[in-house]
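Using the hints, position chain B against chain A.
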Amino acid sequence: MVGIVVISHSRALADGVAEVARAMGAGKIVVRSAGGNVRGGLGTSIEEVEEAVRAADDGDGVLLLVDLGSSVMTAKMVVEDLGGDGVALADAPLVEGAVAAASMAATGADLRTVLNAAEAARRHRKI
Amino acid sequence: MNVREWVRRAAEKIEAEAERLSRLDAAIGDGDHGHNLDRGFAAAVEALPEDVRPGRALILAGRAIVSNTGGVAGPLYGMAWRQAGKALGDAEQVGAAEVGAALRAALQSVQELGEAVEGEKTMVDALAPAVAAYDEALAAGGDLPTCARAAAEAAERGAEATIPMQARKGRASYLGPRSIGHLDPGAVSTALILRALADVASRDA
Numbered sequence: 001m002v003g004i005v006v007i008s009h010s011r012a013l014a015d016g017v018a019e020v021a022r023a024m025g026a027g028k029i030v031v032r033s034a035g036g037n038v039r040g041g042l043g044t045s046i047e048e049v050e051e052a053v054r055a056a057d058d059g060d061g062v063l064l065l066v067d068l069g070s071s072v073m074t075a076k077m078v079v080e081d082l083g084g085d086g087v088a089l090a091d092a093p094l095v096e097g098a099v100a101a102a103s104m105a106a107t108g109a110d111l112r113t114v115l116n117a118a119e120a121a122r123r124h125r126k127i
Numbered sequence: 001m002n003v004r005e006w007v008r009r010a011a012e013k014i015e016a017e018a019e020r021l022s023r024l025d026a027a028i029g030d031g032d033h034g035h036n037l038d039r040g041f042a043a044a045v046e047a048l049p050e051d052v053r054p055g056r057a058l059i060l061a062g063r064a065i066v067s068n069t070g071g072v073a074g075p076l077y078g079m080a081w082r083q084a085g086k087a088l089g090d091a092e093q094v095g096a097a098e099v100g101a102a103l104r105a106a107l108q109s110v111q112e113l114g115e116a117v118e119g120e121k122t123m124v125d126a127l128a129p130a131v132a133a134y135d136e137a138l139a140a141g142g143d144l145p146t147c148a149r150a151a152a153e154a155a156e157r158g159a160e161a162t163i164p165m166q167a168r169k170g171r172a173s174y175l176g177p178r179s180i181g182h183l184d185p186g187a188v189s190t191a192l193i194l195r196a197l198a199d200v201a202s203r204d205a
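Chains as they are written, first to last, in the working numbering: chain A, 1 to 127; chain B, 1 to 205.
So here's chain A without its partners, still in its complex pose (with noise of 0.2 Å):
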């Protein structure tokens, strides 16, 4: 199963789209969060981002869902490092993007098919 992992400057916010994330995963998925500085503020650690890509990955592949600006470079940073092989950056709305990320995992789908999940969750309205 793919995996995934939420990126934001806040832990709060990063383990509650996580929560919501895995819920929609039916616990079929591993859904990790990374979240806040190393200082326990606000911000990204790019160590915390690798320990949870590595949590997450039992070999099919990680998705990396992302806030906004220091969040976006560090997760690109980390699928650089990596090669870009198995792991991939959603360009995708958060909490929407790791709904449609995680409902489609848990199908089992691979990770190309879930990263477009999460892309496609941009389109959806709300009203």
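Do not take every clue at face value.
Taking lysine-lysine and the DSSO-like style, the derived pairs with C-alpha atoms no more than 30 Å apart in a straight line are [claimed, not checked]: (1) B:K86 <-> A:K28; (2) B:K169 <-> B:K13; (3) B:K169 <-> A:K126; (4) A:K126 <-> A:K76; (5) B:K86 <-> B:K13; (6) A:K28 <-> A:K126; (7) B:K169 <-> A:K76; (8) A:K76 <-> B:K13.
Calculated from the structure, these hints are not laboratory results.
Okay, now just chain B, sitting in the frame of chain A:
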């Protein structure tokens, strides 16, 4: 040139200007650019080993900056130093040609990671003209101090030129036209780092 001295000199300048950089950032950003960078560059200085080649030293400095600098400046500057270090490869001596390659690699990494082009009120508005000025001086046969001074001057002019620009990236871009009329703090810190290069190149010459 001793690239470790470049990192140290950059850290000194950033520490001295941290208040001003954060004040500039408070106008259009979240007000922490100077202090974030100060923390990151102090960590980079700590992380500089003496017993490795210059390229490797810059890679390690970049890693320390990524881990210790808040905001987008962490990944951007961290990656820039890392790619500059990679461009130096295993070279034991760093001269005008090597610094030129390092600067070009840094610019390319900032543009790729930040997806920014000139005119968007970012670090690129200082770094791109600096690289162009460096290369022009190098092509004209300039030595390292001459090329580095040309780069520093171009970066400072480039930073000043961000005042009338409307931000297209980062938090400031949410302000739309209200971002006009302010210096971009990232362009200012980039100019400081290039001035640090010129200082060290001139001192070593």
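Given pair status - K76 of chain A, K126 of chain A, alpha carbons within 30 Å = 28 Å, holds
Straight-line alpha-carbon gap K76 of chain A to K13 of chain B, limit 30 Å = Holds, at roughly 29 Å.
Do the alpha carbons of K28 of chain A and K126 of chain A lie within 30 Å of each other, as the hint requires?
-> Holds, because 27 Å separates the two Cα atoms, which is no more than 30 Å.
Given the hinted pair K169 of chain B and K126 of chain A, is their alpha-carbon gap at most 30 Å?
-> 26 Å, holds
Does K76 of chain A lie within 30 Å of K169 of chain B when you go C-alpha to C-alpha?
-> 16 Å, holds
Measure nothing beyond the straight line between the CA atoms of K169 of chain B and K13 of chain B; if it is 30 Å or shorter, mark the hint as holding.
-> 25 Å, holds
Measure nothing beyond the straight line between the CA atoms of K86 of chain B and K28 of chain A; if it is 30 Å or shorter, mark the hint as holding.
-> 41 Å, violated
Restraint status (C-alpha distance of K86 of chain B to K13 of chain B at most 30 Å) = Holds, at roughly 24 Å.
When held up to the earlier numbered hints, the structure conflicts with hint 1 and nothing else.
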